[in-house]
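Engineer: So the chains spell out like this:
Number of protein chains: 2
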Amino acid sequence: MFKLIHQDKNSEARLGQLTTTHGKIDTPCFMPVGTQATVKTLSPLELEQAGAEILLCNAYHLFLRPGIEVIHNAGGLHRFISWPKTILTDSGGYQIFSLALFRHITDEGVEFQSHLDGSKSFLTPELVIEMQQGLGADIIMPLDECVHYPCANDYARIAMERTVDWARRSKSILTDRLDRQLLFGIVQGATYEDLRKECINKLLDIDFDGYAIGGVSVGEPEVLRYNIISLLLDNLPKSSARYLMGLGMPEDILQATEAGSDMFDCVIPTRFGRNGTAFTHEGKLTVRNSPYISDYQPLDSECSCYTCQNFSRAYLRHLFNCSEILGLRLVSLHNIHFYLELMRNIREAIQEDRLVEFRQEFLNKYNQNNKP
Amino acid sequence: MFKLIHQDKNSEARLGQLTTTHGKIDTPCFMPVGTQATVKTLSPLELEQAGAEILLCNAYHLFLRPGIEVIHNAGGLHRFISWPKTILTDSGGYQIFSLALFRHITDEGVEFQSHLDGSKSFLTPELVIEMQQGLGADIIMPLDECVHYPCANDYARIAMERTVDWARRSKSILTDRLDRQLLFGIVQGATYEDLRKECINKLLDIDFDGYAIGGVSVGEPEVLRYNIISLLLDNLPKSSARYLMGLGMPEDILQATEAGSDMFDCVIPTRFGRNGTAFTHEGKLTVRNSPYISDYQPLDSECSCYTCQNFSRAYLRHLFNCSEILGLRLVSLHNIHFYLELMRNIREAIQEDRLVEFRQEFLNKYNQNNKP
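Here the protein sequences come in this chain order: V and D.
Every letter in the first sequence is one number past the one before it in our numbering, and letter 161, counting from 1, is 161.
Every letter in the second sequence is one number past the one before it in our numbering, and letter 100, counting from 1, is 100.
Where hints are given, some of them may not hold.
[To be verified] Ranges between beta-carbon positions, derived for each pair: (1) D:K9 with V:R65: 53 to 61 Å; (2) D:E69 with V:M249: 35 to 43 Å; (3) D:P291 with V:G76: 16 to 24 Å.
These are calculated hints, taken from the structure and not from any lab test.
Given the structure is predicted, the values throughout are model-derived calculations rather than measurements.
Even for Gly, the Cβ is constructed at its ideal location relative to N, Cα and C.
Pulled out of the complex, with its shape left as it was, chain V reads as follows (with noise of 0.2 Å):
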């Protein structure tokens, strides 16, 4: 399912292709985030146009509305959605742990109560993949114990353990399916190296179709953080994709792709999007702000999206300032366009070996100015 295409001669990034039963996704790959069933503001149509092949949904969100048996009965997410490429779904495990209301874990599973209207659920790692084969998602994540930082290395391992425990569980009910779904282990362990390197043994033992990073964004230190993702990604096997989950901005996915990962997912461009900051070449750009007023270039001139080809800093500008929902998608359109070209971009420079001087070269230019 991931064939290793290009080992970058001077970094450990990586060319790569996944498929799924959707198609074939080349990797490294960012996958805008569609939280409920959509991605914000965003049609199908133009995702694809924008060239994403891989999108990310959330079981959680979905198991809570609209409920997984109204997508399955729709033929699935992808027809419910109208999605044609390959979906992942995520567990809900981060969720659990930063959204709902009260928790109460256990070694069989999770009682929780809705961040929506307080109605308790439990589920255990054998119902959240029964709601993922529901839901018919191409790429599936078990249900894991995602830990904040700081955490006391004792609760950590406890959760490290449960969190294997959970994965074995999750894959023994899917050995029996046909169309086979392709399920990710997700390695844990806080921000203590034996921990996650145990974590990534006792995932491999089991064998996984790939292998996440779970963990990390949870408000631990940067430099801490890197050297973790930087140490799991050294002991990650070379044939399997690999996943950070949750990360990030333009310059953490260069980082991270130099040093191994294979697949990102974040809520940022969307977000931003929606809050008027858009990505360029040359930094961040909040448009709402009165220096665009009458400013009639593209929000990048670099850029070859709709946004860009159409409308100015201007225009863009009067949309947020009477709060007219065309800029929120404008400027989120073209925040997952700069993503994918991002992605492209550093697909070329790692077949061509040259992803330390494209990262350099791209940050050189995309800090050079402080923009408004």
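Position chain D against the provided structure of chain V, taking the given hints into account.
Structural biologist: Same frame as chain V, but now just chain D:
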């Protein structure tokens, strides 16, 4: 600029074509409303693909935000909003009389306070024409005085005579222009037949490029409205375009077309769309309602729009239930498509002298169900 192509043999309906510097518009036509330089939630590309040939924007709103100069310096309204086809701008008469916090009207012009921030402005008919010249719209409207229902006869006369005087002053400053904009005269006179007729005759003496019926849908009973509309259409020259301002529902458009109206604008398709109410051939449908939770049909099985070709009522209900912007977009897009398709069908029916039958068939089906 207006060519009468075919007069329906069985009604007052007419097929025509309006020519502006930005294109030809088949009439009867519907103009999607882009009050603040955007048809709410939709991109210009979507409007073009739905078949829109002309948009309406509002000079009053654009004067307040972002200001006429910002748009003029962008190269005009067409470039600012990236719309290559025809634009009609409304003068703002109606908005000053319905939105402004305070207004003081004299024969010279109108002083008012912005509904946004209370700032004071004084507008004359001349300034309003200059604003619309600055915007570069293809069809422009003179400042008029719009009264609400009920209105005493003596005040309705004052407002009508002032509207005529302002129309004359508006026309007199247009004479020198090379790149000529079309100027329409607006018929006022409240619900008084004699005042309305007198207004028409005075406007005809001045001679405009088209005639608009203003001051309808301002609180008057429906039967009175249609008497006035029919009377006016009977008295307007057959050789000119007739624009019925601000109406309406599909049944209103059908009725007024049959009486001889050529142009319509209304915020209803997008406003209803944002509330989750879709127009269908079987009547209106409120998609957030619970019966649609697992209804996998499209909004309208007869519709060829992007929404109906790709998404179910169940998905749209989910989007509204989660307050997702894509829901507002998709139902607004469908509604605009529905209106533009209705106009195409109306034109085809007029061409074949069967508008009366078409209207009856449409309404039989449209009114048959009371959907939730």
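Engineer: Hints numbered earlier in the text: which of these fail when held up against the supplied structure?
Structural biologist: The structure breaks none of the hints.
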